[in-house]
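Those sequence lines, one after another, are chains U and X. Count along the first sequence from 1, then add 129; that gives the number in my numbering. Count along the second sequence from 1, then add 7; that gives the number in my numbering.
Rather than coming from a laboratory, the hints here were simulated on the basis of the structure. Model, not experiment: these values are computed from the prediction. Please note that the accuracy of each hint is not assured.
As the list claims (entries may be wrong) - In silico contact screen, one side only, chain X against chain U (beta carbon under 10 Å); selected entries:
hint, residue
1, Gly-70
2, Ser-72
3, Leu-97
4, Gln-111
5, Gly-114
Heads up, the beta-carbon is just placed ideally off N, CA and C, and yes, glycines get one too.
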Amino acid sequence: GQNIDQPTEMTATEGAIVQINCTYQTSGFNGLFWYQQHAGEAPTFLSYNVLDGLEEKGRFSSFLSRSKGYSYLLLKELQMKDSASYLCAVSGGSYIPTFGRGTSLIVHP
Amino acid sequence: DGGITQSPKYLFRKEGQNVTLSCEQNLNHDAMYWYRQDPGQGLRLIYYSQIVNDFQKGDIAEGYSVSREKKESFPLTVTSAQKNPTAFYLCASSGQVGMGNQPQHFGDGTRLSIL
């Protein structure tokens, strides 16, 4: 089976940097995804990591350490519109992604 | 524009009634998925399909049924056997299962409530 753990809620200030962590245990590994989901809306794809290291995409970056079963999503220059849930999903040996419970990020002025 | 469409957006079910949620995609994706989302629970996989006329149970398939008669369509039926059906249901598709880097594209969801 797979176990994915992320913090339930985080708060941050507009303009700041926030790091959302995700730890996982899985049988087989074929990549880790991050999605953003605004309340009542569909999740949208943010990033994919399969090799160790940092992937940067504008204000968002995602890091992976396969040996530690650890990833983080880094959001820079936070904006109010970044208030959302951030979902970590791991593709294991079956290639079917398993999702964590999501981290609700609240950005305040 | 290509995308994935779920309907209806809101659905109400009476006790003992079956209801069917629609999911259609025009992305030419092989794989399709149904998830259930409850508050604080994240997304839990109900069923998935990798190819037409084939589908597999996910983690919480009891009380649900699906069909995949066409590549574009993957309807989900919530049967009366599902005792706690109130949830937000999300349909997703991806290019292929077995290709690890294929992100999922999600529909806007159907919110099902019990009357």
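Status of each hint after checking the structure:
no. : hint    : in the structure
1   : Gly-70  : violated, 20 Å
2   : Ser-72  : violated, 19 Å
3   : Leu-97  : holds, 7 Å
4   : Gln-111 : holds, 7 Å
5   : Gly-114 : holds, 6 Å
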